[in-house]
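**Student:** The residues making up each chain are set out below.
Number of protein chains: 2
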Amino acid sequence: MQTLHVELGDRRYPIFIGSHLDIQHLLKPYIQGKQVMIVTNDTVAPLYLETYKKALTALDKVTAQCILRDGEKFKNIENLNLIFDALLASGFNRDCTVLALGGGVIGDMAGFAAASFQRGVNFIQVPTTLLSQVDSSVGGKTGINHPLGKNMIGAFKQPSVVFADMNQLSTLPPRELSAGLSEIIKYALLGDIEFLAWLEGNMPKLVAGDEQALAEAVYRSCAHKARIVANDEHEKGERALLNLGHTFGHAIESYLGYGTWLHGEAVAVGMVMAAELSHLMGWISTEDLARVKHIIQQANLPIYCPEIPLDEFLSYMSHDKKVLDGKIRLILMKKLGHAVITEEFNVDYMKQAILNNQKKGE
Amino acid sequence: MQTLHVELGDRRYPIFIGSHLDIQHLLKPYIQGKQVMIVTNDTVAPLYLETYKKALTALDKVTAQCILRDGEKFKNIENLNLIFDALLASGFNRDCTVLALGGGVIGDMAGFAAASFQRGVNFIQVPTTLLSQVDSSVGGKTGINHPLGKNMIGAFKQPSVVFADMNQLSTLPPRELSAGLSEIIKYALLGDIEFLAWLEGNMPKLVAGDEQALAEAVYRSCAHKARIVANDEHEKGERALLNLGHTFGHAIESYLGYGTWLHGEAVAVGMVMAAELSHLMGWISTEDLARVKHIIQQANLPIYCPEIPLDEFLSYMSHDKKVLDGKIRLILMKKLGHAVITEEFNVDYMKQAILNNQKKGE
Ligand SMILES: NC(=O)c1ccc[n+]([C@@H]2O[C@H](COP(=O)([O-])OP(=O)(O)OC[C@H]3O[C@@H](n4cnc5c(N)ncnc54)[C@H](O)[C@@H]3O)[C@@H](O)[C@H]2O)c1
Ligand SMILES: NC(=O)c1ccc[n+]([C@@H]2O[C@H](COP(=O)([O-])OP(=O)(O)OC[C@H]3O[C@@H](n4cnc5c(N)ncnc54)[C@H](O)[C@@H]3O)[C@@H](O)[C@H]2O)c1
Ligand SMILES: [Zn+2]
Ligand SMILES: [Zn+2]
Chain A
1 MQTLHVELGD RRYPIFIGSH LDIQHLLKPY IQGKQVMIVT NDTVAPLYLE
51 TYKKALTALD KVTAQCILRD GEKFKNIENL NLIFDALLAS GFNRDCTVLA
101 LGGGVIGDMA GFAAASFQRG VNFIQVPTTL LSQVDSSVGG KTGINHPLGK
151 NMIGAFKQPS VVFADMNQLS TLPPRELSAG LSEIIKYALL GDIEFLAWLE
201 GNMPKLVAGD EQALAEAVYR SCAHKARIVA NDEHEKGERA LLNLGHTFGH
251 AIESYLGYGT WLHGEAVAVG MVMAAELSHL MGWISTEDLA RVKHIIQQAN
301 LPIYCPEIPL DEFLSYMSHD KKVLDGKIRL ILMKKLGHAV ITEEFNVDYM
351 KQAILNNQKK GE
Chain B
1 MQTLHVELGD RRYPIFIGSH LDIQHLLKPY IQGKQVMIVT NDTVAPLYLE
51 TYKKALTALD KVTAQCILRD GEKFKNIENL NLIFDALLAS GFNRDCTVLA
101 LGGGVIGDMA GFAAASFQRG VNFIQVPTTL LSQVDSSVGG KTGINHPLGK
151 NMIGAFKQPS VVFADMNQLS TLPPRELSAG LSEIIKYALL GDIEFLAWLE
201 GNMPKLVAGD EQALAEAVYR SCAHKARIVA NDEHEKGERA LLNLGHTFGH
251 AIESYLGYGT WLHGEAVAVG MVMAAELSHL MGWISTEDLA RVKHIIQQAN
301 LPIYCPEIPL DEFLSYMSHD KKVLDGKIRL ILMKKLGHAV ITEEFNVDYM
351 KQAILNNQKK GE
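For the protein sequence lines, the chains are A and B, in the order given. Just so it is clear: in the first sequence, position 181 is 181 by full-length UniProt numbering, and no numbers are missing. Just so it is clear: in the second sequence, position 151 is 151 by full-length UniProt numbering, and no numbers are missing.
Keep in mind the hints are simulated off the structure, nothing from the lab. The model shown is predicted, which means the values in this text are computed figures rather than measured ones. Please note: incorrect hints may appear among the correct ones.
Keeping only pairs whose Cα atoms sit at most 25 Å apart, straight-line, the calculated DMTMM-like set for lysine to aspartate or glutamate is [stated by the list, open to error]:
#	chain 1	residue 1	chain 2	residue 2
1	A	327	B	60
2	B	141	A	60
3	B	150	A	216
4	A	141	B	343
5	B	150	A	307
6	A	150	B	85
7	A	34	A	72
8	A	150	B	343
9	A	75	B	85
10	A	141	B	78
11	A	28	A	7
12	A	34	B	343
13	A	141	A	216
14	A	54	A	42
Full structure from sequences and hints, please.
**Tutor:** Below is the structure:
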């Protein structure tokens with residue numbers, strides 16, 4: 001087991017990363033009160049709920065559960081309210097703990113509920129998807145969607161502890177595993193060429209679900225995000241680097257309709273586009289671009305998107321939050337493994353990078 | 001105009017207190033972005049919305065409004081969501097400002113919306129009831145009710161500025177004015193004998209709506225709360241003093257059904273009960289007790305409640321949040337103008353204090 005400490009001002013919490021974590025032992029110091037509400041969904045509950053209930057009961061805690069329906073479309077205020085209903089119906093008070101057991105959807109909703117119930121109660125996160133392990137574990141973002149926008153309503157809420165158990169990834173659908181690998185590749189491409197080399201060597205193991213390799217990848221990814229977030233807690237600068245591939249990816253997701261492609265899949269193509277534009281700008285070599293495409297393909301992720309009319313693609317891109325005052329800012333690679341936030345690129349090259357990575361007739 | 005600065009760690013904000021405040025001039029430094037959402041209700045909107053819209057338009061801001069239905073029963077998640085709907089339908093972004101124009105209900109809901117929209121946007125408070133001026137202006141508590149409990153869901157959110165305009169109190173129903181005076185008397189009784197003397201001299205002016213007297217009372221009250229909250233931001237100790245009269249009052253409110261009596265009215269009787277118990281304990285004199293009753297009556301507030309079966313009264317009292325581990329802690333007066341948090345009182349005297357201040361047959 002590896003332990004990563006996330007340092008954020010006066011808040012500091014550990015992420016325990018390993019396989020078959022001894023949760024009973026590890027949980028103990030992080031729950032002061034008696035009551036623990038486990039928030040999960042109807043896919044994850046049959047798989048892992050019992051384990052957590054048992055561990056908590058052994059710790060002499062009173063547990064209750066709130067089992068939401070599975071899916072991003074249930075990440076809304078109505079389902080958030082079901083968590084409040086459960087907390088209050090169970091007579092939970094301000095000393096209680098909310099434990100999120102599930103992927104990013106559950107983590108975001110349970111975290112927001114923990115931030116808001118009684119104006120803030122203890123929050124513990126058990127991310128059970130690779131994506132949520134490497135992304136939701138660090139940064140404290142929680143929230144819900146609104147019909148008019150994703151993640152529009154929420155809070156910053158740091159967990160008191162995070163458990164990332166690789167063994168739980170064994171039940172994850174392969175497409176979801178690859179979606180998580182997409183964000184892992186992102187960390188390598190934006191700031192760690194050595195990690196990229198490591199991934200190139202270990203990708204076969206990762207896609208096969210090798211728990212030791214996964215743990216190492218999760219550890220390195222969380223460490224990267226933790227460092228970037230700590231440097232820029234309020235999202236003024238460096239944190240934008242985490243959006244490598246996301247402006248392009250956002251356009252793909254929006255055009256196809258959220259849910260058609262997984263976020264990680266759209267980001268994968270987005271990273272290819274960012275790499276291609278960086279190449280056209282003369283910043284990375286043909287070989288570098290090939291390496292980007294290759295690692296993405298090794299992770300069973302797409303390297304091109306369906307055909308999307310350019311004007312629509314561009315308009316979706318500029319709806320993206322990273323657009324300030326009408327100017328598009330992109331995260332591009334000045335060299336492989338070193339991304340920057342920049343407005344200084346050739347717009348025609350950008351268009352070319354988009355078009356080059358679409359597959360006609362799809 | 002008087003200005004009170006509330007100091008809370010790295011957050012510091014002014015409360016402007018006066019009559020006919022020059023809001024256009026005063027608002028200017030506190031709104032960086034272009035968009036301002038005014039949240040108000042259908043009672044307050046016809047009275048004051050135009051004034052604020054005009055001032056904001058003169059400042060070159062884009063305004064929109066969200067007019068909720070008036071009443072505590074609308075302080076719920078459905079109406080909170082109407083604020084989010086309005087923000088998103090108007091295309092508001094994370095640089096926007098939410099301005100609460102109304103009493104405590106509007107302040108609590110708009111504040112929670114400001115805390116949660118985009119995980120936090122600028123918040124400005126214009127409390128238009130006396131109660132919200134002296135209570136909601138300081139402390140940063142925001143939130144909504146749940147069918148199973150009041151104020152169960154919310155956030156701590158400090159405003160960037162508060163405007164308390166005495167002129168707006170001219171339209172307030174007299175009962176609501178008195179309810180605000182109840183909390184003002186509380187500040188005097190819990191920690192400021194000199195303020196009590198001042199109130200005794202000025203109560204006729206206050207109930208008549210004298211704006212200068214009201215401004216002084218609001219200033220002193222907010223200063224008291226600010227000092228107490230700053231000493232105890234996380235509600236571990238001293239802040240409980242602010243609950244003088246509230247454990248008894250809570251029982252009265254609960255028994256009668258929320259909304260029958262105003263909160264300030266129930267607290268008024270609660271303060272009499274606390275004073276009577278303090279007297280029975282030998283801590284304050286007969287004359288002191290008479291002074292407490294007199295100032296409360298001067299404010300047109302009740303000094304006794306309807307008959308409530310003692311066992312029910314006690315059971316409602318112990319549902320109160322200030323009960324720790326089954327022991328009732330009360331805020332009592334060690335001397336007049338000096339309250340303490342204590343478990344050291346005679347329970348029979350407590351029962352007697354309750355019974356002595358009920359009116360049989362009501
Ligand atoms: N808070 C943050 O910082 C942050 C970061 C990234 C993404 N997110 C959010 O996270 C969400 C995406 O997260 P996600 O990719 O984990 O999606 P998800 O939570 O929808 O999980 C994907 C699917 O896998 C299932 N699943 C989860 N764990 C499983 C397991 N161990 N075995 C089998 N199936 C399992 C889920 O039930 C779901 O069907 C989005 O809502 C996004 O906005 C938040
Ligand atoms: N956040 C805090 O720290 C805090 C503190 C105390 C109370 N509260 C909350 O505040 C609420 C009570 O506040 P309240 O007493 O202001 O109640 P309120 O907001 O319901 O206002 C009382 C009534 O007066 C009306 N009104 C408001 N301003 C008016 C004006 N200028 N002229 C005419 N009518 C006007 C309102 O529409 C309402 O009908 C409760 O929900 C309570 O939980 C919060
Ligand atoms: Zn992402
Ligand atoms: Zn009160």
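**Student:** Now look at each hint and say whether the structure bears it out.
**Tutor:** Now the hints, each set against the structure:
At most 25 Å may separate the alpha-carbon atoms for a hinted pair to count; residue 327/A and residue 60/B meet this at roughly 23 Å. Annotation: proposed proximity of residue 141/B to residue 60/A is violated, straight-line Cα distance about 33 Å (limit 25 Å). With a CA separation close to 46 Å, the supplied pair residue 150/B and residue 216/A exceeds the 25 Å bound. About 41 Å separates the Cα atoms of residue 141/A and residue 343/B, which puts this hinted pair outside 25 Å; it is violated.
Our distance criterion of 25 Å between C-alpha atoms is broken by residue 150/B and residue 307/A, whose separation comes to about 53 Å. Distance restraint check for residue 150/A and residue 85/B: the Cα-Cα separation of roughly 13 Å lies within the 25 Å cut-off, and the hinted pair is therefore satisfied. Only pairs whose Cα atoms come within 25 Å are accepted, and residue 34/A paired with residue 72/A is rejected, the gap being roughly 31 Å. Under the criterion of a C-alpha separation no larger than 25 Å, the hint pairing residue 150/A with residue 343/B is inconsistent with the structure, at around 49 Å.
With a C-alpha separation of about 16 Å, the suggested pairing of residue 75/A with residue 85/B holds against the 25 Å cut-off. For the hint linking residue 141/A to residue 78/B, the alpha-carbon distance of about 23 Å falls within 25 Å, and the restraint holds. Straight-line distance between C-alpha atoms of residue 28/A and residue 7/A comes to about 21 Å, which keeps the hinted pair within the 25 Å bound. A distance of roughly 24 Å separates the Cα atoms of residue 34/A and residue 343/B; the hinted pair therefore holds under the 25 Å criterion.
Of the pairs offered as hints, the one joining residue 141/A and residue 216/A holds, with about 24 Å between alpha carbons and a cut-off of 25 Å not exceeded. A C-alpha spacing of about 18 Å is found between residue 54/A and residue 42/A, which places the hinted pair at or below 25 Å, so the restraint holds.
Hints 2, 3, 4, 5, 7, 8 from the earlier list are contradicted by this structure; the remaining hints agree with it.
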